[in-house]
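Using the sequences provided together with the hints, build the complete structure.
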Amino acid sequence: MHVRSFPKRRFMALAVDWLALLYVSYGVYYLINHWYRELVTVRPSYQVPFPLYAWVAAFVGSFLLAVLWENVGISLGFRAFGLRVRSKDAQHVSLGRRIRRFGLDLVSLCGLFAVSALAAAPIVGLATLFLGVRHGSGISLFPGTMLWPISGWLSTLGHFAAAAAILAAAGGVAYIAARAMLRNVWMVSRDRDNLVDRIAKTSVFRAADLEDLQHPKWYRTSSGWMTILLIGMSLYVGWLMTRISIAALIQRAGVTGYIWKELLRPDLSHLVAAEPVLQTSLLGALLETVFMALMATVAGVVFAFPLSFLGARNIMATGPIGWTIYTIMRGFFNIVRSVETLIWGIIFGVWVGFGPFAGMLALTVHTIAALGKLYSEQVESIDPGPLEAIAATGARRWQVVLYGVIPQIIPSYLAFTLYRWDINVRMSTVIGLVGAGGIGRMLFYYKNDGRWGEMGTAVLLIVAVVWLMDYTSARVREKIT
Amino acid sequence: MDKPQLQIEHLTKVYERGEVRALNDVSFEVNRGEFLILIGLSGSGKSTFLRCVNRLIEPTSGKVYLNGIDVTGARSAELRRIRRQIGMVFQQFNLVRRSSVLTNVLAGRLGYVPRWRTLLGRFPHEDIKKAEACLDRVGLREKMYTRADQLSGGQQQRVGIARALMQDPELLFADEPVSALDPATSNSILQYLEQMNKSDGVTVICALHFLSLARRYGTRIIALKDGEIVFEGLPNEIDEARFKEIYGEDAEEVEIR
Amino acid sequence: MANKEYYADFIKPKPRWLASWDTVKPRSLAFLTDAGFAALLLLVATYFFTRVITGGEGSFLVMPWWALLVIVVEVPVVWQSFGISLGMRALGLRLIVVDPQDRPRRTVIVPRFLRVLAWHISIPLLIGIIWPLVSRDARSLHGRLSHTQLVGVSPEQVKKTAWYRTSSGLATVLLCVVILAAGVSITKINLKTLFTEASNSTLVWRGLFSPEWSEFAEGLELLMVTIFMAFMATLFAVIVAAPLSFFAARNLFRGKLGRVVYTFLRVATSVIRSIEPIVWAIIFVVIVTPRRAAFAGVLALFLHSIADLTKLYSERLESIDPGPVEAITATGGSKSQVIQYGIVPQILTPYLSFTLYRWDINVRMATIIGALGGGGIGQMLIQYTRLWDWERAGMLILLIIATVWIMDYVSGRLRAHLE
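Residue numbers (our numbering), protein chains in the order written: chain A, 1 to 481; chain B, 482 to 738; chain C, 739 to 1157.
If you are wondering where the hints come from, they were derived from the structure by calculation, not from laboratory data.
What you were told as hints is all true, and nothing was included just to trick you.
Once the Cα atoms are required to be at most 30 Å apart in a straight line, the calculated DSSO-like pairs of lysine-lysine come out as:
id : chain 1 : residue 1 : chain 2 : residue 2
1  : B       : K611      : C       : K897
2  : C       : K898      : B       : K611
3  : B       : K679      : B       : K544
4  : B       : K624      : A       : K479
5  : C       : K897      : B       : K624
6  : A       : K479      : C       : K763
As structure tokens, then:
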């Protein structure tokens, strides 16, 4: 007898279905806008003023459609996560029963929303309280309606405490109710079917467990058609949105052909001799670029090396303090890494003034995060045996790290560092574009001046250096690992 | 005979996840100079027991006394002093594979050498001489500068023994030191342990799989099953019935030479 | 096919110069390493000092080219004759004295001098260069004349010496110090400004931490453009790169034509890959006019992705298991059948995985490609930073961070699922 329901998979499947339908409605929204602009002559940035309820309808409607789809057919999410709705004894379910199941789903969802709204009440309440106190406007649930006038901090405190107590009590009750609801009614429980399935006498099976699974051709399934719709729509919307125009490319190619010609006929006049405006030669700028990358890598390693141990689970996660530090380090690495170097370049440009130092700092910060993450993953994958052996000799914790961890990680650390230097050289060629020095600055200057020949030289130099770095670092990495 | 060297009292270890009782109320004493052998199936708690004694794993309850000093209550500095008196040899050798043999052996001195020296990796001259002597004892002197991962399994285990020797241990734990080795090498490894036991007077507690090896080297045998002691006595006391009791009905004794 | 080549090695003996090359190669490489070391040290040092002394004006070459060349050549010769040079250490070479009479010698300083002398005679006359390649034992002429020889040593024979007691160790440290010093000067590192000028950036940080939420909707719209830029570029790049990769795989297309196509593709892709997409965008935006900035971004990402994906794909193709290919060839399958049944099933998952990875990178790049031409969120971001409107810029940066994060996570999960 089937007892497991797959809450996580079902949740993900629903999310996929909802997102797919939301995406379709976004596409429709975009296309309506686009066609309107095509048909009626308006300014290019004109947007059709959709009323609020249209947005709400799209949002809620796509959700309900997703639920319907999952009940009546085999939805995209169900297919992707390998789930099927069957009767308790794994038989196919008639359409009527499926529709009835949809109805039950709707009812249970309404209940769920009601209860979770109640459960969210304390949070919303506390937020309104906080805002009300902060702005001195009293507590109001809706703009313009004052439930509870508050004046002065002293009386506020009393009111605040009372309200907080009431809300906390209500919230507690609601929380318990919501939990019970989630456990029993909807899909959260792991080892038994939810209420809907129990009433409808159905069950959600894993496709891999079913013996009579059919594999129809894609064009006979709703999810197949949906996939086609999603891809087709993406292509069409993407084509319009990014303003792709082959015609423009061909037309302009004739006009701008001279650019390619000049790019490929490099002008070497400022290769060694200084360019009068920027007061640096191309080779000098290139040297600046390479050194920017080098210094950033060195500085990055200096910081990333110790930090990587703090971000390694197997070293840190021995107590609550260790866990906290580990989590903070990993969060730091991830956030800093996801801010592009170019953006760091702008920030540091404002900070220390635009120039190679700002570029180096930007690269350094990004390097610390990227290397920190790579390094600490390396620390996590080491062999724990030697650490145990060294701890057993009566060594201190840092001695264990020094004699057990570091010898194991040195080669991969070196490989990652070289790889990062390689990346940094690439990055430093473009970071000059936002005002940090180096060859990027010259490149941009020449482009703005329309001096394509000299820009060609700059590009050629970049290619040479990046290629050389790429090649050497790959060879050396091959050697040491 | 004076006081026992190692006293184990009601040692229990419960793993939180899965609620497995790896050790259940284990008590016994070990006298100086013994070659005690722990036998039992895999998962019977032999490894957990050894690690609970030097607290590589924290025991859930129970007491351990080494020379009358409470190991289970020791704070970090004291614990490290205790650990350096206990040499340990592992099933998977646990050498730092990328370091040289010498560095691996010198790691045995980490509990003795002043801190700044270990930070710079500059061990005292006498320690290096000692490492050479230890390697000489296990017949690996000429491999001193070889990287550990270039050695065969038996050689690696000998390096592990040399590392334990560096600690000047009075007690040696061997956690299935020969499970990863072939029979011939197994014997030579156990002979090294026996030699330490006989000539240096190091007490040895050795976890083993094979009864034949246990009979040959042990002065006393303790058998564990599901974390409890099911037998304690001399090697020749284990007969067919006892054997079935320890290893289960289907077991068949295998001879290892 | 592979087997035939394999046997050919056995049947045809290596020509002598090729056999000699095997022993000459490490010696030449050691020479090049030391010469490179000397050149680097000289260049960086002179550049650094002239910069410091003259304040960065004029040419940094304080000595004539020929003098530089002489020093660069002399350093390895002398160093290798009298000590253990960096190159010798790197390639595991040592200088030994070969005594023809096998007499014990107290001093070995004379042959070392002789070696230097013999080098200066034999090499400029060019005979010294050809000699080792044609002589039977591949010894150099100057080595033969001075009874010395550079021989390879195995790592176990090497005596361990602390780095600070070897010339090569000290030389490496010197080089590092000089390079770092030059780096500090060239990149104008000034830690003081980092701390004293920190107040400059408070405006930026405040903007980032209290973003202008009214910008959210517009930011989202721009974000969609950005994501679609990445999507279109990746999709089209896959369509081009997937077939191209077959021609760029060494193990699939042999013969002269195959070799030419392979070499051309490899060079072209590595050149295109070396130029960051943002630079490509600068060029393309001039071509398709700024009105179609997003199109320029797509083109730039498209071009870069083709090159990158072709490289990744073809490397994967080169490491496929030849077993199935052989099996299907053995059943009498045609070339296209071999590809369809022997190769494609092996590469489908890795291709998908690489594509996802590339899409992830493209979204990342698309977020900033607008900064200098390509459209999307980057274009707006750079405008706000120029207007010093950090609240709005902050909102956009937060959106970029969120997108990059989500993409990173989703593509990582999907790829883990694929493997």
